[in-house]
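Novice: One line per chain: the protein sequences are A and B, in this order.
Quick note on numbering: the first sequence equals residues 1 to 327 in this note's numbering.
Quick note on numbering: the second sequence equals residues 328 to 409 in this note's numbering.
Take these hints with a grain of salt, some might be off.
[Said to hold, decoys possible] Below, computed lysine-lysine pairings styled on BS3-like, alpha-carbon distance capped at 25 angstroms:
hint	chain 1	residue 1	chain 2	residue 2
1	A	K81	B	K403
2	A	K73	A	K150
3	B	K353	A	K73
Hints are computed from structural coordinates only; laboratory data are not their basis.
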Amino acid sequence: MSDDQPKQYDLVIIGAGPAALTAAIYTTREDINTVLYERGVVGGLAAVTDVIDNYPGFSNGVKGLDLAEDLRKQAERFGAKIELGEITAIKDEGEHKRLQTDSGTDILTRAVLIATGSDYNRTGIPGEEHYYARGVHFCATCDGAFYRDKRLVVIGAGNSAIQETIFLTRYASHIDILVRSEVKASEVLIKELQPFIDSGKVSLQLGITPKEIIGDGQVVNKVIGSNKDNQDVEFITDGVFVFIGLKPNTAFLAKSNVKLNSVGFIVTDANLETSVPGVFAAGDVRSGATMQIASASGEGATAALKIREYLEGRLHQTELQQLEVMP
Amino acid sequence: MVKNITIFTTNTCGYCQMVKTFLKAKGMGFEEVNLDHEPQRRAEAHRISGALTVPVTVVTKTDDSQEIIVGYNLAKLAPAVN
Numbered sequence: 001m002s003d004d005q006p007k008q009y010d011l012v013i014i015g016a017g018p019a020a021l022t023a024a025i026y027t028t029r030e031d032i033n034t035v036l037y038e039r040g041v042v043g044g045l046a047a048v049t050d051v052i053d054n055y056p057g058f059s060n061g062v063k064g065l066d067l068a069e070d071l072r073k074q075a076e077r078f079g080a081k082i083e084l085g086e087i088t089a090i091k092d093e094g095e096h097k098r099l100q101t102d103s104g105t106d107i108l109t110r111a112v113l114i115a116t117g118s119d120y121n122r123t124g125i126p127g128e129e130h131y132y133a134r135g136v137h138f139c140a141t142c143d144g145a146f147y148r149d150k151r152l153v154v155i156g157a158g159n160s161a162i163q164e165t166i167f168l169t170r171y172a173s174h175i176d177i178l179v180r181s182e183v184k185a186s187e188v189l190i191k192e193l194q195p196f197i198d199s200g201k202v203s204l205q206l207g208i209t210p211k212e213i214i215g216d217g218q219v220v221n222k223v224i225g226s227n228k229d230n231q232d233v234e235f236i237t238d239g240v241f242v243f244i245g246l247k248p249n250t251a252f253l254a255k256s257n258v259k260l261n262s263v264g265f266i267v268t269d270a271n272l273e274t275s276v277p278g279v280f281a282a283g284d285v286r287s288g289a290t291m292q293i294a295s296a297s298g299e300g301a302t303a304a305l306k307i308r309e310y311l312e313g314r315l316h317q318t319e320l321q322q323l324e325v326m327p
Numbered sequence: 328m329v330k331n332i333t334i335f336t337t338n339t340c341g342y343c344q345m346v347k348t349f350l351k352a353k354g355m356g357f358e359e360v361n362l363d364h365e366p367q368r369r370a371e372a373h374r375i376s377g378a379l380t381v382p383v384t385v386v387t388k389t390d391d392s393q394e395i396i397v398g399y400n401l402a403k404l405a406p407a408v409n
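Use the sequences and the hints to build the structure in full.
Specialist: Following this line, the structure appears as structure tokens:
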């Protein structure tokens with residue numbers, strides 16, 4: 001094959017989080033020629049989570065980075081190849097799907113698994129973009145270390161917000177959690193947070209809607225929120241961490257025929273197949289996903305088995321066609 | 328030509344791991360400054376990058392010019408080390 005011909009695979013998995021890596025473990029064990037494309041971090045959001053306490057098999061919890069590393073090693077042990085790069089478009093050519101990469105080369109594959117996961121939403125309030133990485137952050141495990149003995153604001157009320165707040169207590173002198181309505185995290189996490197509330201290190205600020213992040217142009221110094229009476233409330237801080245839900249990484253599907261729901265998650269059938277035959281989806285990017293690492297791994301395994309059925313079906317169809325044209 | 332590479336990291340940073348994995352795959356050596364082990368160097372990382380985040384990768388060329396890559400940004404990192 002010359003260098004300018006597209007590489008060909010049985011399966012391209014877009015993403016390398018828990019759903020993707022689990023699927024790769026299954027498909028490579030069955031000698032399905034599989035490659036994964038990851039534009040961000042191998043392990044996905046799991047890899048930037050400090051400790052994961054609800055993934056089965058780890059009685060004392062597991063560090064997100066360690067889980068990601070072990071999943072990667074397990075998939076690679078069976079022959080999975082992980083390419084660091086981005087798939088920018090999918091074109092359905094029937095028997096094959098043509099994928100465009102950010103390096104300008106095309107790939108041909110018989111099946112695709114989209115497991116691109118989700119990223120944290122932005123608040124969209126003034127100051128958020130200006131102070132990004134200079135006082136506004138979306139990754140506590142990456143950036144928390146810069147806030148030793150500093151005051152912080154965390155925006156959000158779900159599991160991620162509470163878990164990341166607990167992580168940030170190892171650095172920060174005080175943390176205000178701004179909660180629009182009520183805390184929606186699991187009871188276990190709320191119990192873990194309680195000692196920090198009791199000691200005064202963490203304050204839950206209920207009924208606060210963030211309005212603006214303010215600084216001196218270089219660093220953040222306060223967040224303005226509005227309370228239930230629509231009055232402004234000021235929170236002095238050195239930094240802001242935002243965890244307000246997830247948005248699916250599906251922008252690259254804009255020109256494809258893969259059906260998305262109203263908020264951009266991929267619609268699949270019971271086989272985890274999308275509206276394009278041969279293109280499957282699993283994990284946090286899928287409409288109906290529960291946003292749990294264990295669920296993502298389960299969906300990855302299911303998708304792998306359904307992809308095998310799909311590939312075998314196609315294979316048999318091709319063999320039948322070949323028999324039909326034989327003299 | 329690359330003379331040396333320094334990466335500012337922390338223990339828990341997944342994106343730092345990705346930068347290290349990328350450089351190792353290319354067979355490139357680097358010095359790692361782990362800010363959990365050397366918190367006194369946080370200000371240095373901030374001064375160099377203008378950002379309060381890791382990873383920060385400092386690629387020093389043989390003519391002593393430097394490229395600073397903030398975060399795990401392959402589009403900037405790959406050409407900087409080639």
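Novice: Evaluate each hint against the coordinates.
Specialist: Against the structure, the hints:
Distance hint between K81/A and K403/B is fulfilled; the C-alpha atoms sit about 23 angstroms from each other, no more than 25 angstroms. About 37 angstroms separates the Cα atoms of K73/A and K150/A, which puts this hinted pair outside 25 angstroms; it is violated. Taking the CA atoms of K353/B and K73/A, the gap is near 18 angstroms; set against the 25 angstroms cutoff, the hint holds.
Taken one by one, the earlier hints fail for this structure only at number 2.
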